[in-house]
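Engineer: Use the sequences and the hints to build the structure in full.
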Amino acid sequence: MDFGLALNVIVTGIIVVFLALILLILVMTAMGAVITRLTGSKKPEKQIEKSSPAPQAAAPAPVDASVQVESGIEEEVVAVIMAAVSAMQAESGEPGTFAVKSIRRSREARPAWSVAGLQQNTRPF
Amino acid sequence: MDFGLALNVIVTGIIVVFLALILLILVMTAMGAVITRLTGSKKPEKQIEKSSPAPQAAAPAPVDASVQVESGIEEEVVAVIMAAVSAMQAESGEPGTFAVKSIRRSREARPAWSVAGLQQNTRPF
Amino acid sequence: MDFGLALNVIVTGIIVVFLALILLILVMTAMGAVITRLTGSKKPEKQIEKSSPAPQAAAPAPVDASVQVESGIEEEVVAVIMAAVSAMQAESGEPGTFAVKSIRRSREARPAWSVAGLQQNTRPF
Amino acid sequence: MMFQEVISTITDMAVNSGFANLDWRSLIMILISFVLIYLAVKKEYEPLLLLPIAFGMLLANLPVANLNSMADGSLLYYLYKGVKLGIYPPLIFLGIGTMTDFGPLIANPKSFLLGAAAQIGIFITFFGALALGFTGPEAASIGIIGGADGPTAIYVTSQLADHLLGSIAVAAYSYMALVPIIQPPIMKALTTKKERSVVMQQLRPVSKTERIIFPIMVTLVVCMLVPDAAPLVGMLMLGNLMRESGVVDRLVKTAQNELMNIITIFLGVTVGATATAETFLTPKTLMIIALGLIAFCIGTACGVLFGKLMYVATKGKVNPLIGSAGVSAVPMAARVSQKVGQAENPGNFLLMHAMGPNVAGVIGSAVAAGVLLSIFGK
Amino acid sequence: MMFQEVISTITDMAVNSGFANLDWRSLIMILISFVLIYLAVKKEYEPLLLLPIAFGMLLANLPVANLNSMADGSLLYYLYKGVKLGIYPPLIFLGIGTMTDFGPLIANPKSFLLGAAAQIGIFITFFGALALGFTGPEAASIGIIGGADGPTAIYVTSQLADHLLGSIAVAAYSYMALVPIIQPPIMKALTTKKERSVVMQQLRPVSKTERIIFPIMVTLVVCMLVPDAAPLVGMLMLGNLMRESGVVDRLVKTAQNELMNIITIFLGVTVGATATAETFLTPKTLMIIALGLIAFCIGTACGVLFGKLMYVATKGKVNPLIGSAGVSAVPMAARVSQKVGQAENPGNFLLMHAMGPNVAGVIGSAVAAGVLLSIFGK
Amino acid sequence: MMFQEVISTITDMAVNSGFANLDWRSLIMILISFVLIYLAVKKEYEPLLLLPIAFGMLLANLPVANLNSMADGSLLYYLYKGVKLGIYPPLIFLGIGTMTDFGPLIANPKSFLLGAAAQIGIFITFFGALALGFTGPEAASIGIIGGADGPTAIYVTSQLADHLLGSIAVAAYSYMALVPIIQPPIMKALTTKKERSVVMQQLRPVSKTERIIFPIMVTLVVCMLVPDAAPLVGMLMLGNLMRESGVVDRLVKTAQNELMNIITIFLGVTVGATATAETFLTPKTLMIIALGLIAFCIGTACGVLFGKLMYVATKGKVNPLIGSAGVSAVPMAARVSQKVGQAENPGNFLLMHAMGPNVAGVIGSAVAAGVLLSIFGK
Ligand code: NA
Ligand code: NA
Ligand code: NA
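Residue numbers (this note's numbering), protein chains in the order written: chain P, 14 to 138; chain H, 14 to 138; chain D, 14 to 138; chain X, 20 to 397; chain A, 20 to 397; chain U, 20 to 397.
Derived from the structure by calculation, the hints contain no laboratory data.
There may be inaccurate statements among the hints.
Straight line, CA to CA, 30 Å or less: simulated BS3-like cross-link-like pairs of lysine-lysine [as the list claims (entries may be wrong)]:
| # | chain 1 | residue 1 | chain 2 | residue 2 |
| --- | --- | --- | --- | --- |
| 1 | A | Lys103 | A | Lys207 |
| 2 | U | Lys207 | X | Lys272 |
| 3 | A | Lys272 | U | Lys100 |
| 4 | A | Lys207 | X | Lys61 |
| 5 | A | Lys212 | A | Lys334 |
| 6 | A | Lys334 | A | Lys129 |
| 7 | A | Lys272 | X | Lys62 |
| 8 | U | Lys272 | X | Lys100 |
| 9 | U | Lys358 | U | Lys207 |
| 10 | A | Lys129 | X | Lys103 |
| 11 | U | Lys207 | U | Lys327 |
| 12 | X | Lys100 | A | Lys100 |
| 13 | A | Lys61 | U | Lys272 |
| 14 | X | Lys100 | U | Lys100 |
| 15 | U | Lys103 | X | Lys272 |
| 16 | A | Lys272 | U | Lys272 |
| 17 | X | Lys272 | A | Lys272 |
| 18 | U | Lys103 | A | Lys103 |
| 19 | A | Lys103 | U | Lys397 |
| 20 | U | Lys62 | X | Lys227 |
| 21 | A | Lys61 | X | Lys100 |
| 22 | U | Lys358 | A | Lys100 |
| 23 | A | Lys100 | U | Lys100 |
| 24 | X | Lys61 | A | Lys336 |
| 25 | U | Lys397 | U | Lys100 |
| 26 | U | Lys62 | A | Lys100 |
| 27 | U | Lys227 | A | Lys61 |
| 28 | X | Lys103 | A | Lys397 |
| 29 | U | Lys100 | X | Lys272 |
| 30 | X | Lys103 | A | Lys100 |
| 31 | U | Lys100 | U | Lys207 |
| 32 | U | Lys100 | A | Lys62 |
| 33 | X | Lys100 | U | Lys103 |
| 34 | U | Lys272 | A | Lys103 |
| 35 | A | Lys227 | X | Lys62 |
FRET-style restraints, in silico, Cβ to Cβ [as the list claims (entries may be wrong)]:
| # | chain 1 | residue 1 | chain 2 | residue 2 | range |
| --- | --- | --- | --- | --- | --- |
| 36 | D | Asp15 | X | Leu305 | 19 to 27 Å |
| 37 | U | Asn364 | A | Gln23 | 46 to 54 Å |
| 38 | A | Lys397 | U | Leu41 | 46 to 54 Å |
Bear in mind that the values here come from a model prediction, so they are computed numbers and not experimental data.
C-beta: ideal position from N, C-alpha, C; glycine also.
Structural biologist: In structure tokens:
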């Protein structure tokens, strides 16, 4: 076994993989900043409004067994929506003030929390 | 530049293209005549009857804003049907006596004014 | 013409074809026996129950013109179901005691009398 | 001077055009292609293959255009590679496997015997062809028409005698379309009224496990016994395993639709385009057409006669009419059994019983193909 | 010592990376590919082909990766075989045939004349290209842009001058997307208000028999006269025959969807990936873009002028605006005729009348392609 | 005399049949293929690939039939060309690109780090394989199993050491199916209850513009840095660009369905059919299976440990459980993160946060593949 070659490959490999993905982080972060500046970040906000259900009820946040889930939407997705709601509550500083009562598939083609994308990703390749 | 070659190609090209398509005109016209003689042109007439709505109302021919169009049928197709109706009126000698009130997709597989064909042709290749 | 070759091919061919298919009979029969022993033939029985309509009416068995056939199910399939019913009657020893009144496509994915399979086989390749 | 050049170019094009080079042989071929288009479109004789075949024949016989499957460098030459290298027919079999329900055969394995008996026509026709002066590989390709299985016939012929591909494909698909006309008289002539009236016992239900094991077993047994049948039988059974497993539905859907359709178009057009005047307009073609019919008739007869044997052996439990379905031509031949049986007794439903020999016939002709390939193949 | 090796490997990778080897020419090509992606995605310029073409161009110009269509052994090299050997464009034509309704042309065969007239732009542009110093085969490939038919342009160029494939494909598809901007001024300049207001007579209904015979007749006539057009016209007409026959719907569905889509992806990416800096960043590309525009304009003008001729000949029954549809660019050009006509008279509906010359233009440019291939082809 | 001939022919066929030539090694291979079919069908271990792979293995080991991917002239030999020439895996990546939502990664680009960390398993396993006596290219192919990405593993192995293709593909797909069993113990062992309970902040919404620019940027950066990754990454990103552009839906539909399914069938069967007894029944295969498991475990561990690092660096804002998703195995690994997290705190939803590292892992292993190909490739 050529120990030199081995170490060489390992170190180079790991460095290059990290280098490539760090470069991507920089590029994407820069891109995100540019786009936000250009568009004044108006559009994303609007999207948030659309995708967040208005707080209405007062049940505790953790999963409520009575939540109605439209057939065909997987458990997981409910989890995601729940998570999103929880996260927003965390931000707004008033936790545990409402629960998801009913989930329907949104009409929007490509919401930030891409439900369709997730389900498609489920196909095992 | 070989001026002779150029002219040669141009003249030959144009002559052959016209020759081919004129030949096609002759062949298709002959074929049309033969078929008409063989079938006594009965079938086409029946088709006309089917595809023409019976004149009922008395509004002026040009497009009426209140025309109801079934969703999925493009504006263009309405235009075509309108045109067909107008044309038939022009033939029958009594213009401007009715308007299209409502358009529904015909059940017929292959009407003379092939709506489906048109929509398929729309795909850009 | 090489008469020897000819006869050779014919005899060999026929023997090998029969040999192969007889071998398949043996293998499949053995397999059927093994599976029946392993599963105690419980499952198939259940399937029979499911796919056989309960005898209710008392009309004679041969085809009744008033049988309601769900659109999309071919005549043939009706014939098959009728045949199945007749056959069961023959087994149960009391012929001619009921008729098929109405046929609906079963929800089961793969019934013994595979209706879907039959229809697919219809495609001519 | 320049004008002269134009004249000469146009004269050149005229001289090299198809009109100037149309010989009567090509013209006849074009007319034959018209007849086949008519049969495919108006009579609906196996149009999925006959229409592309007929159009391929038309293209191949347009003078000068050189669009036949043997013309090195042409579009159809490249598409024909899939036939020449034996790729398309097994892929068609993959699709057929995904569409075939072997349940009736699993429920009644004795049907295999009828599927074997109906292949006798293949070998007897082989003998006839040999007697008429065809070479061994040619005779084998002609005999396989009697298998009543298009892709198998094309596979064998493409490997053994591809100059006959056009004639054999046309004969095979035409006779498959004519099964409802060819078979009934033979069936009636060979059976008694009593035999035709036999009502058969219901088939037992077949479990999913059996359905899954079946394609694996068939692959093992057939490919071990006749290795040359492996590409056809292996792909047929892979398709069936995919179907019955129920876990790869998206692959099944594509294999039985888009993949099969794409290959059907390529196969049909290029097989048709092998039929140039030189290879098709020979007395051989007429002989092939006659021999093909004989093959179908003998296959049908042998199936029915073997059915009679089973009728006797089972003391009247087997209706000999299901024997004719052993030629394959799925599912047409099984329907013919059903109809002839019902004509005798309106309450008799033989369809599912005939499906057993019918799908067994597909395996049977693949085995016969393997035998012939092992004897005459390179 | 070991540490040194790692350094040297990384240095090696750095030296061989694209960043170190990025020359300004590749950079410009990458920027051009961005512009094309922008046009395809935001402006929706024929995105089905322009997006794959643009991405192929991006891949081909990534330094070191060597992912261009000419790089022996690369992924795109293999996929490009389908272009190089003349396979993809006829198969695209097969799909187009299944989607084309030739009814309006059958109802009014005189439309063929307009479909012929609009091809004059091809030959005049050929002359212009020759005058600018292009070789004969190059000039022929450039001229064919005026046919306003992507697959035809790609077919001719791939056979005659595939170093220009990138530029010509980009020009062809860009101008096809720009038809609604390029044509109207020319149409208005060449016609009077009175001519534009002509209301045409309703087209006669077309029987199914005529629709079935049409593709067969076109194949016969065109392939006999111009054999080199046979792969394109033959496949176009096979597709149309399959469509009109109504008996092979499953083949039609696949030919017009999956088969066409798969080939469109392969064709687009590999055609785009022929456009390396060496072949694309030359003054020739600019000339091609200019000549392509000229070709479109002359084609439109000739169509309209011939329409005027027919207006006179028929004593005002033909609206000359339908002549511009003869360039093909189906169905965009026909829509332009409709819109310009309706702008003059809101009750005038030229669409179906313009579809005749429109689909005739497809046949016309295939014939022109055949002529050029027969003169300049190997 | 004649009878003797028949006897001799049948003896000949018997002697040359598979039954007479079945050695115990082929028999064991056939039994292994049965086990794999069982795992695919009953246990649903990645059946889309494992079922074709297993059946290919069965076909390849049928004695005499010679239906393995290396047997010149056989059906599977031709279909295997797409693997050998490196065509199928990039096309599968094209389809994966059309199905992948990179949104969570764009919203939180730091996830790229976890996608990088989880690839460390590849290189450590490479070292292990080298230590066990494998050659460099072999060790590289074995290491890449740790990428948890089937097409990438097949691509690298087909280019570097295709005699190991069968073992490596089986190991890769088996472990991908076993991700929900392999990962959780490692994840729990390396994290504290407090870490596992971290609730992460909602991801920001991602605009369409960002989604469109992302694939272009990834193509540029990755292919410039590691040109050998270009075929995989380029096609993945072309697919994703087609998806996100929203203007070529018909191409997207075909790329993610029919094209992908056709190639999956061909890829699976031919990869399985490389596994003949000679190449598969060696101690190497057992080592590969062991090393593959090690690769998965190290990858998972490195991902989680790097997650812990980010947990510290962000002062507890990152849940280290999402690190394990960096191995790719989309979307299984992300679901595992979700489940392990939820087991600790039922109100904690990590799925979308884990999707970031998950899809980053796909890019990460393609980069690693590029590095290994650039070092060991021709
Ligand atoms: Na048969
Ligand atoms: Na044109
Ligand atoms: Na990975």
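Engineer: Indicate, hint by hint, whether the structure satisfies it.
Structural biologist: Hint by hint, here is what the structure shows:
The straight-line distance between the Cα atoms of Lys103 (chain A) and Lys207 (chain A) is roughly 41 Å, outside the 30 Å bound, and the hint therefore fails. A hinted pair counts as satisfied when its Cα atoms are at most 30 Å apart, and Lys207 (chain U) with Lys272 (chain X) does not qualify at roughly 41 Å. Only pairs whose Cα atoms come within 30 Å are accepted, and Lys272 (chain A) paired with Lys100 (chain U) is accepted, the gap being roughly 28 Å. Among the hinted pairs, Lys207 (chain A) with Lys61 (chain X) is inconsistent with the structure: their alpha-carbon atoms are about 48 Å apart, more than 30 Å.
With a C-alpha separation of about 16 Å, the suggested pair Lys212 (chain A) and Lys334 (chain A) falls inside the 30 Å cut-off, and the hint holds. Note on Lys334 (chain A) and Lys129 (chain A): the hinted pairing holds, with a Cα-Cα distance of about 15 Å set against a maximum of 30 Å. A threshold of 30 Å between alpha carbons decides the hint, and for Lys272 (chain A) with Lys62 (chain X) the separation of about 22 Å falls inside it, so the pair holds. For the hint pairing Lys272 (chain U) with Lys100 (chain X), the CA-to-CA distance comes to about 28 Å; that is within 30 Å, so the pair holds.
Note on Lys358 (chain U) and Lys207 (chain U): the hinted pairing holds, with a Cα-Cα distance of about 12 Å set against a maximum of 30 Å. Distance hint between Lys129 (chain A) and Lys103 (chain X) is unfulfilled; the C-alpha atoms sit about 44 Å from each other, more than 30 Å. Proximity of Lys207 (chain U) to Lys327 (chain U) is assessed by CA-CA distance (about 12 Å); at most 30 Å being required, the pair is judged to hold. Note on Lys100 (chain X) and Lys100 (chain A): the hinted pairing holds, with a Cα-Cα distance of about 14 Å set against a maximum of 30 Å.
This hinted pair checks out: Lys61 (chain A) and Lys272 (chain U) have alpha carbons roughly 20 Å apart, not beyond 30 Å. Proposed proximity of Lys100 (chain X) and Lys100 (chain U) is supported: the alpha carbons are some 14 Å apart, at most 30 Å. The hinted pair formed by Lys103 (chain U) and Lys272 (chain X) meets the criterion: a straight-line CA distance of about 26 Å does not exceed 30 Å. With a CA separation close to 14 Å, the supplied pair Lys272 (chain A) and Lys272 (chain U) stays within the 30 Å bound.
Proposed proximity of Lys272 (chain X) and Lys272 (chain A) is supported: the alpha carbons are some 14 Å apart, at most 30 Å. Annotation: proposed proximity of Lys103 (chain U) to Lys103 (chain A) holds, straight-line Cα distance about 21 Å (limit 30 Å). Proximity of Lys103 (chain A) to Lys397 (chain U) is assessed by CA-CA distance (about 26 Å); at most 30 Å being required, the pair is judged to hold. The suggested pairing of Lys62 (chain U) with Lys227 (chain X) holds, with an alpha-carbon distance near 15 Å, which does not exceed 30 Å.
Annotation: proposed proximity of Lys61 (chain A) to Lys100 (chain X) is violated, straight-line Cα distance about 41 Å (limit 30 Å). Restraint check for Lys358 (chain U) and Lys100 (chain A): not satisfied, since their Cα atoms lie roughly 48 Å apart, outside the 30 Å limit. Between Lys100 (chain A) and Lys100 (chain U), the direct Cα distance comes to roughly 14 Å. Compliance with the 30 Å bound is thereby established for this hinted pair. With a C-alpha separation of about 38 Å, the suggested pairing of Lys61 (chain X) with Lys336 (chain A) is violated against the 30 Å cut-off.
Distance hint between Lys397 (chain U) and Lys100 (chain U) is fulfilled; the C-alpha atoms sit about 18 Å from each other, no more than 30 Å. Taken as a hint, the Lys62 (chain U) and Lys100 (chain A) pair is broken in the structure, with Cα atoms around 41 Å apart against an allowance of 30 Å. Restraint check for Lys227 (chain U) and Lys61 (chain A): satisfied, since their Cα atoms lie roughly 11 Å apart, inside the 30 Å limit. Between the alpha carbons of Lys103 (chain X) and Lys397 (chain A) the distance comes to roughly 26 Å, so the proposed pair stays at or under 30 Å and holds.
Between Lys100 (chain U) and Lys272 (chain X) the CA atoms are separated by roughly 24 Å; this keeps the pair inside 30 Å, and the hint holds. The straight-line distance between the Cα atoms of Lys103 (chain X) and Lys100 (chain A) is roughly 19 Å, inside the 30 Å bound, and the hint therefore holds. Proposed proximity of Lys100 (chain U) and Lys207 (chain U) is contradicted: the alpha carbons are some 44 Å apart, above 30 Å. Taken as a hint, the Lys100 (chain U) and Lys62 (chain A) pair is broken in the structure, with Cα atoms around 39 Å apart against an allowance of 30 Å.
Restraint check: the Cα-Cα separation between Lys100 (chain X) and Lys103 (chain U) comes to about 19 Å, which is no more than 30 Å; the hinted pair holds. With a C-alpha separation of about 26 Å, the suggested pair Lys272 (chain U) and Lys103 (chain A) falls inside the 30 Å cut-off, and the hint holds. A threshold of 30 Å between alpha carbons decides the hint, and for Lys227 (chain A) with Lys62 (chain X) the separation of about 15 Å falls inside it, so the pair holds. Between Asp15 (chain D) and Leu305 (chain X) the beta carbon distance is about 24 Å. The supplied range of 19 to 27 Å therefore holds.
Between Asn364 (chain U) and Gln23 (chain A), the C-beta spacing of about 50 Å keeps the proposed range 46 to 54 Å intact. Range check, Lys397 (chain A) to Leu41 (chain U): about 53 Å between beta-carbon atoms, so the 46 to 54 Å window is met.
In this structure, the earlier hints numbered 1, 2, 4, 10, 21, 22, 24, 26, 31, 32 are contradicted, and the remaining ones agree with it.
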